[in-house]
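Throw the hints in and build the complete structure from the sequences for me.
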Amino acid sequence: MGTGHAHALYVHEHSPIHHLPPQVKIAGAVAFIFSVAITPREAMWAFAIYAVAIAALVRISKVGFGFLLTRLIGVLPFIAFAFLIPFIASGEQVDVLGISVSRDGLWASWNIIAKATIGASTSIVLAGTTEVPDLLAGMNRLRVPTLFTSIAGFMIRYLGLIVDEIGRMRTAMTSRGYDPRWLWQAKPIAASAGAMFIRSYERGERVHDAMVARGYQGEMPELRRRDPSVQEWLTAAALPALGITVMVIAMVAT
Amino acid sequence: MNLALEVRDLEFSYPDGRQALGGVDLAIETGTRVAVLGPNGAGKTTLALHLNGILRGSGVVTVGGLELNDDNLNEIRRRVGIVFQDANDQLFMPTVGEDVAFGPANLGLRGAELEARVEAALGEVDATELAQRPPHHLSGGEKRSAAIATALAMEPQILVLDEPTSGLDPLGRRELVQTLQGLDLTLLVITHDLPFALELCQRSIIVDRGTVVAEGPTAEILANDALLQQHRLEMPFGFNGSALGDRSTGS
Chain L
11 MGTGHAHALY VHEHSPIHHL PPQVKIAGAV AFIFSVAITP REAMWAFAIY AVAIAALVRI
71 SKVGFGFLLT RLIGVLPFIA FAFLIPFIAS GEQVDVLGIS VSRDGLWASW NIIAKATIGA
131 STSIVLAGTT EVPDLLAGMN RLRVPTLFTS IAGFMIRYLG LIVDEIGRMR TAMTSRGYDP
191 RWLWQAKPIA ASAGAMFIRS YERGERVHDA MVARGYQGEM PELRRRDPSV QEWLTAAALP
251 ALGITVMVIA MVAT
Chain Z
95 MNLALEVRDL EFSYPDGRQA LGGVDLAIET GTRVAVLGPN GAGKTTLALH LNGILRGSGV
155 VTVGGLELND DNLNEIRRRV GIVFQDANDQ LFMPTVGEDV AFGPANLGLR GAELEARVEA
215 ALGEVDATEL AQRPPHHLSG GEKRSAAIAT ALAMEPQILV LDEPTSGLDP LGRRELVQTL
275 QGLDLTLLVI THDLPFALEL CQRSIIVDRG TVVAEGPTAE ILANDALLQQ HRLEMPFGFN
335 GSALGDRSTG S
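Those sequence lines, one after another, are chains L and Z.
Read in order, the letters of the first sequence are residues 11 to 264 in the working numbering.
Read in order, the letters of the second sequence are residues 95 to 345 in the working numbering.
Hints listed in this document are in silico derivations from the structure and should not be mistaken for laboratory results.
Among the clues, some could well be false.
[What the hints assert, rightly or not] Partial pick of chain Z residues on the chain L-facing surface, computed with a CB cut under 8 Å:
#1 Gly151
#2 Asn166
#3 Asn168
#4 Arg172
#5 Pro188
#6 Glu192
#7 Phe196
#8 Ala199
#9 Asn200
#10 His230
#11 Met248
[Claimed, not checked] One-sided and incomplete, this derived list gives chain Z residues near chain L with beta-carbon spacing under 10 Å:
#12 Gly175
#13 Asp180
#14 Asp183
#15 Pro229
#16 Ala247
#17 Arg267
Remember, predicted model here, so these are calculated numbers, not experimental data.
Where is the CB? At the ideal position from N, CA and C, for every residue including glycine.
Here it is as structure tokens:
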């Protein structure tokens, strides 16, 4: 988490994008995704430009195309759903490879696939070039309430411990002959989920005690603060500037 | 006599009505290392949580002449550092360095001053190289050192340690003794590890059922077999407690 090697979403590299302050990266990514999302779906050329921009981003950030494709698997459920739309949707029908499908449905399907893929790719590059604590600090700097970012931070810090604990509980069950195969054997798992809840709750109380003991008064101190230079803001603005320009032209043209 | 800590008639009951502390009286001189012994459930940890006002019972807690009240909680928490039993509870930030910085940052330190404080605290426990590491990748001994550093970074007058030797290997335990002996602080060490208490602490108190039932030089306490037995304590196999006599300890 802290040094990078600990987190699956992060690619440990040194690139100009890695070195940008997190808040400018987050702002840039969000603005770009927003402009992609409102680009008219008929402007196919616009999406081609977006794809090229993403490719350039992957190149500059040294995140790697293999990494991008592996992480894009997460978008597959949405794409699978999008594939169904042309068959379900009503309206004017057209023939594709001998199958009659809805024209509107085809557009809707393309819209979802193109925008989801570009949006997800942007956030994969963002996560691949920014360590989790920096992402959270960046969100803080963009005035996301500290309550949210500290909850996320604690969740990430203690997730590993909870997973370990579940593993130990599972081992303890197995070593006493519990080897579930059928649904009706699930009761001990449900019970252990309850036990995990109580244990996590108690840990939460102890962590809070430890924080209060060191002077915590409800606000996390800002330890990773770095104010970006104008140059850095301009660098990060390149991507959304392209996105917005393309989006505006596409809107006017269609 | 210069008292680092004074507790008078401290009583505390948990919300379910169970009484945890039933009138604790305690006085600890500045610069001494005191072991807090006693069976499980005797109220040792509950007592520790009262020393910097995390729990508030009735009675008086005075730290370095300052009586704990609602208005000086911050100053009291700066003066009394607590090292909790499970280091995972104490290390909650992304890296050890940030964790050590957490306390002094809450005190308002920033920039170079904060960095110097972090470096000094890590230096005291010989753990400077841990600063950039995430806590979940540390060994038990490293976690313990880091946890102690987080408390030292507050520059406390008293350091309270709850079961510091639990889960440490013999060498880690030895290093812990050396680290703690090297600190110029008043120490209060809650422990079941009697040889550890003997080696580190000049004085010991026994807490049982929420009160202090015995107090004295550690060697004398540990030589009193009848007293130990009465409170579910005993020297480990192979140690002859009664042979300790008036051996001076903790030097």
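Evaluated hints:
no., hint, in the structure
1, Gly151, "15 Å, violated"
2, Asn166, "12 Å, violated"
3, Asn168, "6 Å, holds"
4, Arg172, "7 Å, holds"
5, Pro188, "4 Å, holds"
6, Glu192, "5 Å, holds"
7, Phe196, "6 Å, holds"
8, Ala199, "3 Å, holds"
9, Asn200, "4 Å, holds"
10, His230, "5 Å, holds"
11, Met248, "6 Å, holds"
12, Gly175, "8 Å, holds"
13, Asp180, "7 Å, holds"
14, Asp183, "4 Å, holds"
15, Pro229, "8 Å, holds"
16, Ala247, "8 Å, holds"
17, Arg267, "22 Å, violated"
The structure fails hints 1, 2, 17 (numbered hints given earlier, in ascending order).
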